[in-house]
Structure formats: C-alpha cells, structure tokens
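> Below, each chain spelled out in residue letters.
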Amino acid sequence: MSGSNELSRRDFIKVTTGIVGGLIGAVIGLPTVYYLIDPALREGGKESWVPIGKFDDMQIGVPYPFSFTRVQVNGWERTASSFGGYAVRNSDDPADLLVLNSTCTHLACTVNWSEEANAYLCPCHDAKFSIEGEVLDGPPPRPLDVYEEHRITEDGIVEIFFKEA
Amino acid sequence: MWKNIYLWLDERIGFNDLYANLLDRPEPKTTWWNTLGSASLFLFVMQGLTGIFLTVYYTPSPDHAYDSINYIMEGVAFGWLIRGIHHWGATLMVILVFIHMLRVFYTASFKYPRELTWLIGIGLFLATLGMGFTGYLLPWNQKSYWATVVGTQIAGTVPFIGEFTLKVLRGGPELSALTLQRFFSAHIWIIPAVLAALIGVHLFLIIKHGESHFPTKED
Chain A
1 MSGSNELSRR
11 DFIKVTTGIV
21 GGLIGAVIGL
31 PTVYYLIDPA
41 LREGGKESWV
51 PIGKFDDMQI
61 GVPYPFSFTR
71 VQVNGWERTA
81 SSFGGYAVRN
91 SDDPADLLVL
101 NSTCTHLACT
111 VNWSEEANAY
121 LCPCHDAKFS
131 IEGEVLDGPP
141 PRPLDVYEEH
151 RITEDGIVEI
161 FFKEA
Chain B
1 MWKNIYLWLD
11 ERIGFNDLYA
21 NLLDRPEPKT
31 TWWNTLGSAS
41 LFLFVMQGLT
51 GIFLTVYYTP
61 SPDHAYDSIN
71 YIMEGVAFGW
81 LIRGIHHWGA
91 TLMVILVFIH
101 MLRVFYTASF
111 KYPRELTWLI
121 GIGLFLATLG
131 MGFTGYLLPW
141 NQKSYWATVV
151 GTQIAGTVPF
161 IGEFTLKVLR
171 GGPELSALTL
181 QRFFSAHIWI
191 IPAVLAALIG
201 VHLFLIIKHG
211 ESHFPTKED
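Residue numbers (my numbering), protein chains in the order written: chain A, 1 to 165; chain B, 1 to 219.
Calculated directly from the structure, the hints in this document are not laboratory data.
Even for Gly, the Cβ is constructed at its ideal location relative to N, Cα and C.
One or more of the hints may lead you astray.
To be verified - With a straight-line cut-off of 20 Å between C-alpha atoms, the simulated EDC-like cross-links for lysine to aspartate or glutamate are:
| hint | chain 1 | residue 1 | chain 2 | residue 2 |
| --- | --- | --- | --- | --- |
| 1 | A | 14 | B | 27 |
| 2 | A | 54 | B | 219 |
| 3 | A | 54 | A | 149 |
| 4 | A | 54 | A | 148 |
| 5 | B | 29 | B | 211 |
| 6 | B | 111 | B | 211 |
| 7 | B | 111 | B | 24 |
| 8 | A | 14 | B | 219 |
| 9 | A | 54 | A | 154 |
Stated by the list, open to error - Now the stretches of chain A that chain B is said to cover, found in silico as 3 or more residues with beta-carbon under 8 Å:
| hint | stretch |
| --- | --- |
| 10 | 29-35 |
| 11 | 110-121 |
Please model the entire structure based on the sequences and the hints provided.
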C-alpha cells in the first residue's frame, strides 16, 4: 500500500466522512442563515398621507404637538408603532409651516417641547433643540428631521406624507 | 502564520493525543449495530441546533404558541425545514436510542465493567422520552393539548403521590399557561442540561472501557 498512489481504506473513509459531513453542513447551514435573517429582508414601506391637525389650531410661534399610530403586521402579530412631531408656524402664510419629527437624531428617544427652556429637550441624554430643530446642546449629530412633504386639505387639515421604514 | 497558530495550540492542547484517544481508539470487530450510539449523539446535536433556531421565532404562551409555529411553517424562509428536522429528528431519536439500548442488552455489553455506562444509558433513555413528552405540548394545538391532558392524568394515577405529581407537572390542577411555560423550560433548559451531563459521563466511560466484543458461541 505505502508508496502506491491508490487511496488507502483509511484515507477513503476520512475523505468520504469529510465530504458527506460538509454536504450535510451546507444543506442545513445555508437555509439556517436565511431562516435567521429573513425578517430583515422583508420589504415594508407603505406610503400614505397622515392628518396631523387643523391648520387653524396651530398658533404662530407655538409648536403644535401631534402623534399618530401605524399598525404593521410583524410575524404573527399586529404591532402598533407610535410616531409624533411638532408643527411650527412662523407666519400667516400657510406655506410657512415646518413639521418636525420628534425622534431625537442622537439615539431615537422622543423629544418634548419645553416652554420654560424654549427648546425641545430629550430625556435620554440631555439633547436640546431650538424651536426650528437646530441643535443647541448635547450629543445629537444633526438637527431634528423634517417631514418635507405636507399639504393642507380643503377642510383646513394639515397632512404629512409618511413612508414606513 | 496558520502553522504557528496551530503549533501554539497543539503545544497546549495536544491534538495528537486527542485524536488517538477519541477517534483512533482500538475497536473490536464491529458492525453497523455499533454505530447507533454515535447516531443518537448526532441526533442530539441536531435537535439541539434546530431547537435553538426554533426559539428565535417560537413563543411559549397560549396566546402566541400556535400562531408563532404557524408563522415558522409558512412565514419564515426555510422554517418548514428547521421545524421538520426537529419534528422528525425527535421521533427518530427515541427510536434510535431504544434500538441502541436493545443492542447493548442483546450483546450483553452492559456487563462488568460497563454497568455504570448502562445505568446512565437508562437515564439518557428516560430523559429522551422526557424531551419527547415536553416537546409535544409546545405547538399548543388540539392534539398536543389533549395528549398532555392524558399524559399528566396518567401520572396522576400513581398511588399516594399521584395528585401531587399531576399538580407539579401542570403547575396547578388544570392545564394552563403555567403548564406550557414549565414544559418549555423543561424542554429547552432542564432536560437538555441533564442530557448533556449524562452524555458526557457516558462518553467518558465508553472511551475509558472501549467497545465490548460481541459474545461468541463459546461465551
């Protein structure tokens, strides 16, 4: 046996075990990876116009808080997620409306308007934003996000364009 | 570099010794009947892995158990495969462990000095049945619900301690969320821990004693 090019019985068993084991590993392993990451591959992204309040109720210079809930089916359950923000009017001009997202740009806690501080404050890491959403203090990397697309219906209701993540 | 890493590890672990003692042991003349233990071990590992993956989606609550399994079967990519392997692997494991036990009995391999290996093997067989019994309830469908009603009721017929045993198994007099939760706990933590420990001792003893010869006509 030794010196010949033929595979010894032992080596044959080793190679066969390796190949069969590798096959079983691959057949089970690859689907398993897919199984684990499957929810991350789902496409969400429903779009809609969401009413946030009457235009007449929004006073000039006072942030108008709003919130809304979207229901999504996650796995076997319907999950309600809350979103919110502040509508800020600077003048009588209906086009002069700023709609801020109240999700802090630092680590996604929710900011609240504080009358005394004259700023949006984040309870998590003491972030501070001006009425226009500019960073005044704290760790946020950028100003508050803005709902760019909004419109006023004939009934005087402000709606924002919302796209789910 | 890989060679240096290998040499560093080898100096501290001793791969050759491991290989010689675990995989290159001297064996008597063996047949396919000698492979049932290894097959059982393979299934145990397989059940462990697929079980771990199932817990990524499964929820042990009466409100969600059935729906979450439904989701595994129809919503998740390859969920049917993972659960299928776990489901059929469970049945196969009970059968294999039992045939393994019969083989050891018929070839008298349980005799001195291997009695302890045999006794631990009995523990392994009972634990395997325990895995089957607790796992059966988890889908929380009609069949598993009533099978567990009957199974725990049988435990309740034991004289003197029956009623107490039934309450311990069910976590109360009736099947409830508590039953599902404690069966789940037993299925993924308690019994697997017992199984792993017993398998460790079982394997140690097998490596220590080596495989037994099959008896000949003279024996």
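> Is residue 14(A) within 20 Å of residue 219(B), Cα to Cα?
Distance of about 35 Å is beyond 20 Å: violated.
> Against the 20 Å threshold, does the CA-CA distance of residue 14(A) and residue 27(B) hold or violate the hint?
Holds - the C-alpha atoms of residue 27(B) and residue 14(A) are around 17 Å apart, at most 20 Å.
> Taking only the CA atoms, is the gap from residue 54(A) to residue 149(A) under or equal to 20 Å?
holds (16 Å)
> Can the restraint linking residue 54(A) and residue 154(A) be considered satisfied, given a maximum Cα separation of 20 Å?
holds (11 Å)
> If you look at each residue in the stretch 110-121 of chain A, do at least three have a Cβ nearer than 8 Å to any Cβ of chain B?
violated (count 0)
> Given that the stretch 29-35 of chain A was listed as covered by chain B, double-check it with a C-beta distance under 8 Å for 3 or more residues.
Held - the stretch 29-35 of chain A has 4 residues with a Cβ nearer than 8 Å to chain B, which meets the minimum of three.
> Does the alpha-carbon distance linking residue 54(A) and residue 148(A) stay inside the 20 Å limit?
Status holds; Cα separation ~18 Å.
> What's the verdict on residue 29(B) and residue 211(B), does the C-alpha distance respect the 20 Å limit or exceed it?
holds (10 Å)
> Take a quick look at whether residue 54(A) and residue 219(B) sit within 20 Å of each other, Cα to Cα.
violated (97 Å)
> Starting from residue 111(B), check that the Cα of residue 24(B) is at most 20 Å away, please.
violated (24 Å)
> Under the criterion that the straight-line Cα-Cα distance not exceed 20 Å, is the pair residue 111(B), residue 211(B) satisfied?
This hinted pair holds, its Cα atoms lying about 12 Å apart.
This entry does not satisfy hints 2, 7, 8, 11, going by the numbered hints stated previously.
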